[in-house]
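The listed protein sequences derive, respectively, from chains A and B.
Okay, so the first sequence: first residue is 1 according to our numbering, each after it adds one.
Okay, so the second sequence: first residue is 155 according to our numbering, each after it adds one.
Since the hints were derived computationally from the structure, they do not count as laboratory data.
Just so you know, not all the hints are guaranteed correct.
[Said to hold, decoys possible] Once the Cα atoms are required to be at most 20 angstroms apart in a straight line, the calculated PhoX-like pairs of lysine-lysine come out as:
(1) K132(A) with K538(B)
(2) K418(B) with K538(B)
(3) K257(B) with K234(B)
(4) K59(A) with K132(A)
(5) K132(A) with K234(B)
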Amino acid sequence: MRYRDQEFNLRQIISIGIDMLAKALWFALVLVTGSSLFGAVDSTMPDLVGNSGDGYSVKIFSQLSPLEINRIHSWHIEITDVGGRPVSNAQITVSGGMPDHDHGLPTQPQITEEIRAGTYLLEGMRFHMPGKWQIVIGFRLGNQLHSASIEFQL
Amino acid sequence: MNKLPGILALLLVAVLAWRYVALPLPPRWSEQEVRLIQSLALASLPDLPPDPGNHLADDPAAAELGHRLYFDTRLSSNGKVACANCHQPELMFTDGLALAMGKSIGPRHTPSLVGIAYSPWFYWDGRKDSQWSQALAPLEAAVEHDSDRVAILRLILADQRYREMYENLFGPLPAPDQLPDAASPLGNAERLATWNSMETATQTAVSTAFSNLGKALAAYQRRLLPGPAKFDDYATAIATDPGTMQAVSLSRTEVGGLQLFLGKAQCISCHNGPLFTNHEFHNTGVFAIAGQLPPMGRYDGIRTAREDPFNCLGEFSDASTSECIELRFARDENDLVGAQKTPTLRNVTLTAPYMHGGQFKTLAEVIQHYNDAPTSMLNHNEAKPLGLRAIEASQLEAFLHTLTAPLTTEKKWLAAPNY
Numbered sequence: 001m002r003y004r005d006q007e008f009n010l011r012q013i014i015s016i017g018i019d020m021l022a023k024a025l026w027f028a029l030v031l032v033t034g035s036s037l038f039g040a041v042d043s044t045m046p047d048l049v050g051n052s053g054d055g056y057s058v059k060i061f062s063q064l065s066p067l068e069i070n071r072i073h074s075w076h077i078e079i080t081d082v083g084g085r086p087v088s089n090a091q092i093t094v095s096g097g098m099p100d101h102d103h104g105l106p107t108q109p110q111i112t113e114e115i116r117a118g119t120y121l122l123e124g125m126r127f128h129m130p131g132k133w134q135i136v137i138g139f140r141l142g143n144q145l146h147s148a149s150i151e152f153q154l
Numbered sequence: 155m156n157k158l159p160g161i162l163a164l165l166l167v168a169v170l171a172w173r174y175v176a177l178p179l180p181p182r183w184s185e186q187e188v189r190l191i192q193s194l195a196l197a198s199l200p201d202l203p204p205d206p207g208n209h210l211a212d213d214p215a216a217a218e219l220g221h222r223l224y225f226d227t228r229l230s231s232n233g234k235v236a237c238a239n240c241h242q243p244e245l246m247f248t249d250g251l252a253l254a255m256g257k258s259i260g261p262r263h264t265p266s267l268v269g270i271a272y273s274p275w276f277y278w279d280g281r282k283d284s285q286w287s288q289a290l291a292p293l294e295a296a297v298e299h300d301s302d303r304v305a306i307l308r309l310i311l312a313d314q315r316y317r318e319m320y321e322n323l324f325g326p327l328p329a330p331d332q333l334p335d336a337a338s339p340l341g342n343a344e345r346l347a348t349w350n351s352m353e354t355a356t357q358t359a360v361s362t363a364f365s366n367l368g369k370a371l372a373a374y375q376r377r378l379l380p381g382p383a384k385f386d387d388y389a390t391a392i393a394t395d396p397g398t399m400q401a402v403s404l405s406r407t408e409v410g411g412l413q414l415f416l417g418k419a420q421c422i423s424c425h426n427g428p429l430f431t432n433h434e435f436h437n438t439g440v441f442a443i444a445g446q447l448p449p450m451g452r453y454d455g456i457r458t459a460r461e462d463p464f465n466c467l468g469e470f471s472d473a474s475t476s477e478c479i480e481l482r483f484a485r486d487e488n489d490l491v492g493a494q495k496t497p498t499l500r501n502v503t504l505t506a507p508y509m510h511g512g513q514f515k516t517l518a519e520v521i522q523h524y525n526d527a528p529t530s531m532l533n534h535n536e537a538k539p540l541g542l543r544a545i546e547a548s549q550l551e552a553f554l555h556t557l558t559a560p561l562t563t564e565k566k567w568l569a570a571p572n573y
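Go ahead and model the full structure; you've got the sequences and the hints to work with.
Dropping the structure here:
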């Protein structure tokens, strides 16, 4: 028994060692290659959040943060379903404007890439006035159309 | 009956007071107003954005070549027109005229060049997407320099100093024996016919060298930048005590005008940021220029920019596709019919008359126009009537005169080269 216990302990120690080594390696890997492996590192807090009303959630990570006027920039748009799973292969349209001024966006931003499952690159965003803006993210999944409207103040 | 004159007099006093007596200022700016004031201050101006299409944009030797070209009337067909004729340093690079006068009278008012390197678009309708590409157009426009790219390259080849400056920057020029005297794809029938008879390789070599001259001109014009004005001193003064309205830099009338600028008059909707422009296009119901149809504005401008061989995506640009974000994601919809570019309000005291056709001689007329917000001749006027009282209009005008100051640009660039 004693011998067995010792063997068990040894195994345990080796197992913990391997586990720690793997964790250290993983940590180093993430640290060194983080941005290239996983795209730009988004902060965990999105700049804007919206819901489709039928269970989908849209998170916007602006690559110009905090948002400001008169500078063209990109967004990462993350879409997840009701279970929090990333939504891939969505056909996305982005529109918007200033409801109080009766005009749209100054540019025609477009999704140019799905940079990882459920996260899309939107290029060509710009705001040209301070005040209340409304952005509508529309997305098609198969034959279903969904949209999330987001209002914010600049 | 004998009370009537008294009542009438009282009424008259009330009406006059309503029109001409200023409301007292609140003691402090709101947090939002403080934020907006600081966003307009020159201290908030970011570094000059790079011009990815022009690899020599920040090269001092390119700026020196551009400086010489800018003041050189030999670049015109009659030897009398230079860029500096219309964009005069002493008038903040404008000309004081309603419509530009090159070789003959042009279709538009001359805008200031100060700080324009920050804009992604050039011309009132934004038909050019870079400063270097814009600089090429007047050289070949019949109402401006009325020259052509081949004639201009012949001048550069013949002038020893130009030739050396050019070749040090860009490498060898096309050999003169390959070139006709005058030719351009944008010229009159004769120049066009000669252009069409040239080999494609020669055409490309000529257009490349011509585009390089635009890049030198842009390297010079990028350096024309605004200096801090009375308003900026005020913004600095209130920065230390953010809520206060009292600072020696601005009078009570001017402060009242600033408050209107941010609020009731809604000027800041478009005239925002430290250059007092959003570099965007808006239809504000300005009536057509006498003798012209109402212009299509940005609706046509973006279409022209997309087809321009000298645009960001074209073969003469130094930019990669990914750097041409403005051009690739520009909007072109119907609401841009009749939209003109928001001009800077920096130095506005010295840049009269105003609007794309110089339709208004004074700032008071401009303010009256926005106060009325008339129906647009084409499409719809984005602006709504403001309901400014007479005293408010004059406060606003007083504030606009606090935005003028000498440029930060080194003195040697503000006159014809003498080095």
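Which hint numbers does the structure go against, in order from smallest to largest?
When the structure is compared with the hints, only number 5 turns out to be violated.
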